Amino acid sequence: MKKSEKSLVDRRKFLKGAAVGGVATLVASSGAARGQQSLVARSAPAPAIPPIPRPEADPTAEVSVLTADRTGSDFMVDVIKSLGFEYVAANPGSSFRALHESLVNYGGNKNPEFITCCHEESSVALAQGYSAVEGKPMMVMAHSTVGLQHASMGIYNAWAGRAPVFIVLGNTVDAAERRPGVEWDHSAQDAAAMVRDYTKWDDVPASLPHFAESAVRAYRIAVTPPREPVVLVADSTLQESPIQQNASFHIPKLVLDAAPQGDSGSVAEAAKLLVEADNPVVIAGHVVRSQTSMQQFIEFAEALQIPVIDQGGNLPSRHPLNQSLGGRGLIANADVILGLNVEDLWGALHNYRDQLHRSYQSITRTNAKLITITTGDLYLKSNYQDFQRLQDVDLAMAADPEVTLPSLTEAIKRLTTDDRKRMFQDRSAKLAAAGQKAAERARVDASYGWDASPISIPRLSAEVWAAVKTEDWAGGIGGVEWNYDRYYQRTRLWSAAGVGFQAPAAVGAALAQRKNGRLYVHQQNDGDLMYAPGVLWTAAHHRIPMLWVMHNNRAYHQEVMHLQRMANRHQRGIESAGIGTTLLDPNIDYAKLAQSMGWYAEGPISDPKDLGPALRRAVDVVKRGQPALLDTVTQPR
1 MKKSEKSLVD RRKFLKGAAV GGVATLVASS GAARGQQSLV ARSAPAPAIP
51 PIPRPEADPT AEVSVLTADR TGSDFMVDVI KSLGFEYVAA NPGSSFRALH
101 ESLVNYGGNK NPEFITCCHE ESSVALAQGY SAVEGKPMMV MAHSTVGLQH
151 ASMGIYNAWA GRAPVFIVLG NTVDAAERRP GVEWDHSAQD AAAMVRDYTK
201 WDDVPASLPH FAESAVRAYR IAVTPPREPV VLVADSTLQE SPIQQNASFH
251 IPKLVLDAAP QGDSGSVAEA AKLLVEADNP VVIAGHVVRS QTSMQQFIEF
301 AEALQIPVID QGGNLPSRHP LNQSLGGRGL IANADVILGL NVEDLWGALH
351 NYRDQLHRSY QSITRTNAKL ITITTGDLYL KSNYQDFQRL QDVDLAMAAD
401 PEVTLPSLTE AIKRLTTDDR KRMFQDRSAK LAAAGQKAAE RARVDASYGW
451 DASPISIPRL SAEVWAAVKT EDWAGGIGGV EWNYDRYYQR TRLWSAAGVG
501 FQAPAAVGAA LAQRKNGRLY VHQQNDGDLM YAPGVLWTAA HHRIPMLWVM
551 HNNRAYHQEV MHLQRMANRH QRGIESAGIG TTLLDPNIDY AKLAQSMGWY
601 AEGPISDPKD LGPALRRAVD VVKRGQPALL DTVTQPR
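For the sequence shown, counting from 1, position 343 maps to 343 in my numbering; every step adds exactly one.
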């Protein structure tokens, strides 16, 4: 992207004029100060103002060499724009000051638009939430050593959540170029080293052509399954150095790599096992990435009339083959089990007891055949143990299940005889009846404590569903009443379970849905929000509409239960389990917190009868383009 010569000249003249004008303003201000001295003296004596020395030389001679029509950061913006980023999330930092300025002035603050965050961890989580909706990376900028340390937890969440976040890190490599003082604290020899264990790739470009190549390479690496975060270090000297007037640099064409597909022999073998099975079952993690691939998943499941334990929002929640409520019983009875991108297959197939002497037991039949199709086998690292325990399997495909399913479906159809079709239809009828019974049991279970105060989670879920079910919504809370029948309705916010992730990730997801005009619904945990509540300001400032209902149980309740478990194990009673685990005395007023940052908010609400009217008011506010929060005080779980 290039600006006209006039705009570049105007920019240079502005900087020169600002420098000269600054001296004149300083001289003039001393006269104004003397004129006001008598007024100031009435309340406090004014300090003596030393005379301002006359400049020894015309300052314009020096200023003229301190401006540049075009710097490296402008070309970096050209590269960034070629990658199609809509947004860049960042907390400002001097190590990328030139790139920041080029983005908002040379780049016009559009594609990408700057999203101001109050913490780097929030920047990364926001980008992950966006990518969960859009299916493509969002850019993040972080300020060298200190900014990357703040961002590191968000990056680890993105790593564990298989999210393609694109991080540009400022840094000053050349010691001779560093400003004295703090810039030394904010510089590193190998800036990306601290997150290398949980990023897929990083690089430190030494020239502008190198930056262009590495940016395109990083994008391709990030989005090729398994999708993961990448880091590109933008040296501050490279950003700020002028570009010669006639210089021209090549930006490589972005061509995405085809996702790896299971080989035909293994696909045929898997199809044979599934067609011949009497009680097959599918456990599906994050498989589908579009409405089209959701339809392909439905076609696959219906070709076999196979029950699906859906861990990733791949199948409509009310589809008869969605048997997630009766999952473990189906696994125990299965003769063939197909795992698709399952994060923890061993955990899905075992019972585990967290006791003084930990124990486990397989729940599968001894002769059950296990098949896996997963990108998790394509890329692992050593230090951080996010890959779970190794499960014995009979057939393993290191491939992307989304692109493998169509060929598997065709192979299944070719092998299916009329007799097997009749058998599949009988299985379908039984599964539909079992699904209805499981849903009814879930409704009965949800009715316990329906009118209790604090509010039960099933009651909260039902009230929110009643308020939004006629809208074009996304996100949601979940529960037996919710009807997820579109791909975009589920936001797949997987992470390393790091607290502080939920809130900014939800803002990122709502940002991605904003252009679609959808009502984004989110249930927010109280302790998670307190890690970085500044994300509330980000949402209000950037006019990101969304409906939040708090899961305000005034505790880190999972930790309460861990402490209770330890106290029971040590036979000491559970009376002290709230020490260090609860958010009481004082109670946090999340409505006032949100209001102080520009949100519409009500609460605290602890009577379930007040939920319906409050939700209707909040939905109306969100439909007008404003974020709204209800501080709902809830049961612990």
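Careful, some of the hints might be misleading.
[Said to hold, decoys possible] Okay, derived cross-link-like pairs now, DSBU-like style, lysine-lysine, Cα gap no bigger than 35 Å in a straight line:
| id | residue 1 | residue 2 |
| --- | --- | --- |
| 1 | K369 | K430 |
| 2 | K592 | K469 |
| 3 | K515 | K469 |
| 4 | K592 | K110 |
| 5 | K272 | K430 |
| 6 | K81 | K253 |
| 7 | K272 | K413 |
| 8 | K381 | K136 |
| 9 | K200 | K136 |
| 10 | K515 | K272 |
None of these hints come from the bench; they were simulated from the model.
The model shown is predicted, which means the values in this text are computed figures rather than measured ones.
| When you check the alpha-carbon spacing of K81 and K253, does it fall within 35 Å? | holds (12 Å)
| Is it true that the CA of K381 sits at most 35 Å from the CA of K136? | Measuring from Cα to Cα gives roughly 23 Å; hence the hint holds.
| said: For K272 and K430, compute the direct alpha-carbon distance and say whether it is at most 35 Å. | reply: This hinted pair holds, its Cα atoms lying about 23 Å apart.
| query | Taking 35 Å as the top limit, are the C-alpha atoms of K272 and K413 close enough? | reply | Holds - the C-alpha atoms of K413 and K272 are around 10 Å apart, at most 35 Å.
| query | Taking only the CA atoms, is the gap from K592 to K110 under or equal to 35 Å? | reply | holds (33 Å)
| task | Sort out whether K430 lies within 35 Å of K369, counting only the CA atoms. | result | Holds, at about 22 Å.
| Agreement of K515 and K469 with the hint, judged by alpha carbon distance not exceeding 35 Å | With Cα atoms ~20 Å apart, K515 and K469 stay inside 35 Å; holds.
| task | Decide if the proposed pair is consistent with the structure: K515 and K272, CA atoms, cutoff 35 Å inclusive. | result | violated (45 Å)
| message | Checking one constraint from the list: CA of K592 to CA of K469, max 35 Å. Satisfied? | response | holds (28 Å)
| Pair hint K200 and K136, alpha-carbon separation not exceeding 35 Å | Holds, at roughly 16 Å.
Checked against the numbered hints listed earlier, the structure breaks hint 10 alone; every other hint is satisfied.
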